[in-house]
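Novice: First to last, the sequence lines map onto chains A and B. Under our numbering, the first residue of the first sequence is numbered 205, with each subsequent residue one higher. Under our numbering, the first residue of the second sequence is numbered 205, with each subsequent residue one higher.
Please note: incorrect hints may appear among the correct ones.
It does not matter which identical chain is meant; a pair holds if it fits inside one copy or across any two.
Stated by the list, open to error - Straight-line alpha carbon distances no greater than 20 Å define the calculated SDA-like cross-link-like pairs of lysine to any residue that follow: (1) LYS420 x LYS504; (2) LYS504 x THR380; (3) LYS461 x THR255; (4) LYS433 x LEU460; (5) LYS366 x SER247; (6) LYS366 x ASN318; (7) LYS420 x PHE513; (8) LYS504 x GLY419; (9) LYS536 x ARG514; (10) LYS534 x GLY481; (11) LYS536 x ASN508.
Hints were generated in silico from the structure; no laboratory data involved.
Protein chains: 2
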Amino acid sequence: MDLENDLLLRAARGEQIERYPVWLMRQAGRILPEYRAVRGELSGFKELVETPERAAEVTVQPVDLLGVDAAIIFSDILVVPEAMGLEYQMIEKKGPWFEKTIRSEEALKFAQTNFDVEDRLGYVTEAIRLTNKELNGRVPLIGFAGAPWTIFCYMTEGQGSKTFSESRKILYTNPTLAHELLNRITDVTIQYLKAQISAGVHLVQVFDSWAGILGKEQYAEFGLKYMEKIANAISEVPVTLFAKGAYNSMVDLSNLKCNTVGVDWNMRMDEIRGHVGESRTLQGNLDPCVLYGTHSEVEKETNNMLHSFRSRRHIVNLGHGVYPDVDPEKVKTFIKTVKSYEIQY
Amino acid sequence: MDLENDLLLRAARGEQIERYPVWLMRQAGRILPEYRAVRGELSGFKELVETPERAAEVTVQPVDLLGVDAAIIFSDILVVPEAMGLEYQMIEKKGPWFEKTIRSEEALKFAQTNFDVEDRLGYVTEAIRLTNKELNGRVPLIGFAGAPWTIFCYMTEGQGSKTFSESRKILYTNPTLAHELLNRITDVTIQYLKAQISAGVHLVQVFDSWAGILGKEQYAEFGLKYMEKIANAISEVPVTLFAKGAYNSMVDLSNLKCNTVGVDWNMRMDEIRGHVGESRTLQGNLDPCVLYGTHSEVEKETNNMLHSFRSRRHIVNLGHGVYPDVDPEKVKTFIKTVKSYEIQY
């Protein structure tokens, strides 16, 4: 089906665009009262993720209510480790929690790869099909997965952490185990992204949320190497790679086979542009906290960011997921400001 | 009193040294069974911090047991907000928690400055005096405080956080309040560090643990500005500034009036050296996770770090606090490796 608004895809490919496209990480969920209403009817976050009709419903909400240029399927990066055999719970105000963790060869039995992704993650592909039906070609639908390093962190640590020292310990004590697990995650992730593409997503983004806790050499060995495998395996749709906090690896990341590189809110867009030139689209990077300001401050800071761009190759986003207590009206001001901005290039 | 081993101070001042000095952030506490024995006799972490005899005891332990070239007073950066009127609890496995937070002008009554530091924080200066008596000039004693930005984070957020979005929100919604609170914290911190110096510490370190969550411009305005006030106010002893994760601000940080700049484990020592030249001593930056490896791996990685130094102006440390479950024998291997390394410059 032809898309009515394919701005995101043209921007990703570096083609001509009439204005910068805009969407927000975590736009589906969190901030909208309409989302919380759906969530309130269900037992919790996981039921919503696993119920395709409702997941599709909250995926479409920001397109209807906020006017973003893309939908992103409502899901969680942790569906992959769960499909591999490591069940998780989402604990209110605390985050994800895994009863079991993988810190030995023996525990690799909880990191399975010999299964049919459609079998175990069919609820995601079904949500994608339902979403596209509902969107009816209005905007592209983004699929996503966690990067192997980030999934590895959760599978080994078992929960969120400031330092992920249990995860990083393994890199020193048992690098063979680390690579085995990373390879398995990578294999499943590629299958999972391809299943999403078959179901109809128009672009995929790989999130490496914990890239920033590794130094350059370790991130090259345990992070980028697997990002690269994924990027090389996907040629059907544009690929976006986002490695949060990977200051020292942004050049290497942008050299991977991808269309777009995500830029977090602490990075300098002009500096990254200096490194990557016009070869890649950059996505980001407004500080999500800007949306706590007044409408005129949101407008001013958004314009400051837009003025700092020195290229047409941009997709506008925040530099991190939108925070739960942000007023949706401020998000609308952000989006309106981007939409009314005239590209200089 | 003359110090038997003043290597740390000579290294900080850029003077001649026969080998690199070495100590570990968080060396007092956490890893030693002898520390846990003392801790077990008391009601908790805070009682230990507030009991000078016992705080002095655990401060001296790593000098006796590990052979480090400096002691650092056992305490917590959160004694400052508590003295200002914001009591905290240290919750096991969760971290600090404040019942009250400062998010409005009205709440500034919990950020007092008009008190005698010796009155409210006399337990720290007493611990310093007792420690020096016990050390008897064997090694220098390091005093410390949290940087205003990091203390601001805890006073406004009320607990640890991955994003400190409540803290960062204020920078946009009420910068006047932010600066007022930062100024107050700075005033008290300067008095506090001067009290530590009067009590006998030989060097002070300012820890900006949450520097990395701000972009360059905001860190300049809300972080560095107050680090600078502190650095300018201290001339009695050498000053070390550590801004964890402040990739974009390392040059500006090193331009402040300080002797030593801390380098976290994700930063590249050679790159920072390239920026600061020989004007500052660099402290760090072994990945604390290296200490999970075998003895020979610890030796190898420590030597790799030492070989990468291109200057005499180094104080060896980890790039972050030592993790609680590290084997003290591995720490000894780290220290031994540093001590037997011959400086090339």
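Novice: None of the hints should be skipped; say for each whether it holds.
Specialist: Taking the hints in turn, this is what the structure says about them:
no.	hint	verdict
1	LYS420 x LYS504	between (35 Å within a copy, 18 Å between copies)
2	LYS504 x THR380	between (50 Å within a copy, 18 Å between copies)
3	LYS461 x THR255	neither (33 Å within a copy, 58 Å between copies)
4	LYS433 x LEU460	within (9 Å within a copy, 44 Å between copies)
5	LYS366 x SER247	neither (29 Å within a copy, 26 Å between copies)
6	LYS366 x ASN318	neither (32 Å within a copy, 35 Å between copies)
7	LYS420 x PHE513	between (27 Å within a copy, 17 Å between copies)
8	LYS504 x GLY419	between (35 Å within a copy, 17 Å between copies)
9	LYS536 x ARG514	neither (24 Å within a copy, 52 Å between copies)
10	LYS534 x GLY481	neither (32 Å within a copy, 45 Å between copies)
11	LYS536 x ASN508	within (17 Å within a copy, 51 Å between copies)
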